[in-house]
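Protein chains in written order, with the working numbering: chain A, 27 to 245; chain B, 195 to 275.
Hints in this document: simulated from the structure, not taken from any laboratory.
It cannot be assumed that every hint is accurate.
[Said to hold, decoys possible] Non-contacting residues of chain A with respect to chain B, defined by C-beta distances greater than 12 Å in every case (computed): (1) K90; (2) K132; (3) N149; (4) D193.
[Stated by the list, open to error] If you want the footprint, here are the derived chain B segments under chain A, 3+ residues with CB under 8 Å: (5) 249-258; (6) 261-273.
[Stated by the list, open to error] The following label-pair restraints were derived from C-beta to C-beta distances: (7) K242/A <-> I272/B: 55 to 61 Å; (8) E237/B <-> Y45/A: 40 to 46 Å; (9) I230/B <-> Y82/A: 22 to 28 Å; (10) G226/B <-> F148/A: 50 to 56 Å; (11) S270/B <-> E122/A: 21 to 27 Å; (12) Y41/A <-> G212/B: 35 to 41 Å; (13) K154/A <-> K251/B: 47 to 53 Å; (14) P35/A <-> A218/B: 33 to 39 Å.
All C-beta atoms in this analysis are idealised placements derived from N, C-alpha and C, irrespective of residue type, glycine included.
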Amino acid sequence: MKFAVIVFPGSNCDYDAYYALKNIGFDVEFVWHRNTSSLSNFDGIFIPGGFSYGDYLRTGAIAKFSPVMKSIKEESKKGKIIIGVCNGFQILVESELLPGSLINNKNIKFLSKQVKLRVKTFNSIFTKSIEKEYLKMPIAHKQGNFIADSDTLQTLKDNDQILFEYDINPNGSMLNIAGITNKKRNILGMMPHPERASNSLLGSEDGKYIFESLIKNYV
Amino acid sequence: MKAKIYIKYKEGILDPQGTVTNKALKSIDIKGIESIGIGKYIEMEFDKNISKDDAKKIAEESCKKMLANPNTETYSYIIED
Chain A
27 MKFAVIVFPG SNCDYDAYYA LKNIGFDVEF VWHRNTSSLS NFDGIFIPGG
77 FSYGDYLRTG AIAKFSPVMK SIKEESKKGK IIIGVCNGFQ ILVESELLPG
127 SLINNKNIKF LSKQVKLRVK TFNSIFTKSI EKEYLKMPIA HKQGNFIADS
177 DTLQTLKDND QILFEYDINP NGSMLNIAGI TNKKRNILGM MPHPERASNS
227 LLGSEDGKYI FESLIKNYV
Chain B
195 MKAKIYIKYK EGILDPQGTV TNKALKSIDI KGIESIGIGK YIEMEFDKNI
245 SKDDAKKIAE ESCKKMLANP NTETYSYIIE D
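All chains, full assembly: derive it from the sequences and hints.
Structure, rendered in structure tokens:
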């Protein structure tokens, strides 16, 4: 299974993602955001964290118009696996590939710490083979407060689209949402960083379970 | 010709900057403020040959497509000569 790690000006978790995915056994290639060719030769697309375009205007607001996003949207329609972490999640909601918005944390602080997540559903390729209910991984964001209107929240609940929720809500996110999937269940957006929790030297290996679940269940 | 564009959070969207600033103003004894909302102000200067109608269209399209997030923000603008 071959992954593209998208690199924007200001991405800073691209190498972490590359390392984590490679260690699990994926083939990985970096793809620059100005890339206009198709991404159809990849089986998965990873949009990493960071500060694309310096977070100017709004997080993800400018990155969503990068040329590579056109191919990402095309691939998403085909049901390709897409993972957006932190700034990647912000880009996915700005692009409307995932519902909702990510606004300033409730306490306005940039939060950088380990958090405990609950796997809310195992009904997704990303969580199916995770054998633990609680996972430990870091967050590092200022705009991770997930909000959506009540209809959207209800749809997320009805369709079992909330994959991860915070054990203790750090940022004000509605329904304690830390990570969601789309209706088709091929896209994962999450604020916590599984790629930074894929090696025991970094304090947790729990992030690895998401990528392992993916590799085990990918058909 | 230029557009003065104002972007603010929709009602009900958490605006911690506004809340904290309001509290801070209270703490220095400035009284009489009910609430504060902090948004964005953008100035857009147009090419010389752009008409007022076109300027409006450009400002509208810019806000709609990029400058404001329709989920969380509202926008308004004034076109000035």
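A quick look at each hint next to the structure:
Annotated as non-interface, K90/A brings its C-beta within 12 Å of a C-beta of chain B; the closest such distance is 8 Å. Separation of K132/A from chain B is inadequate, the least Cβ-Cβ distance of about 6 Å not exceeding the 12 Å criterion. A cut-off of 12 Å between C-beta atoms confirms that N149/A is not in contact with chain B; the least separation is 26 Å. For D193/A, the requirement that its beta carbon stay farther than 12 Å from each beta carbon of chain B is met, with the minimum near 21 Å.
Coverage of a stretch by a chain is defined here by at least three residues with a beta carbon nearer than 8 Å to that chain's beta carbons; for the stretch 249-258 of chain B and chain A the count is 0, and the condition is violated. Coverage of the stretch 261-273 of chain B by chain A holds [criterion: at least 3 residues with CB-CB distance below 8 Å; count 4]. Taking 55 to 61 Å as the suggested C-beta distance range, the pair K242/A and I272/B conforms, at roughly 57 Å. Remark: the range hint 40 to 46 Å for E237/B to Y45/A is upheld by a beta-carbon distance near 43 Å.
As the Cβ distance of I230/B to Y82/A is approximately 24 Å, the hint placing it in 22 to 28 Å holds. Range check, G226/B to F148/A: about 55 Å between beta-carbon atoms, so the 50 to 56 Å window is met. The hinted range of 21 to 27 Å is satisfied by S270/B and E122/A, whose Cβ atoms lie roughly 23 Å apart. With their beta carbons about 37 Å apart, Y41/A and G212/B fall inside the hinted range of 35 to 41 Å.
At about 49 Å, the CB distance of K154/A to K251/B agrees with the hint of 47 to 53 Å. Between P35/A and A218/B the CB atoms are about 34 Å apart, so this pair conforms to the stated range of 33 to 39 Å.
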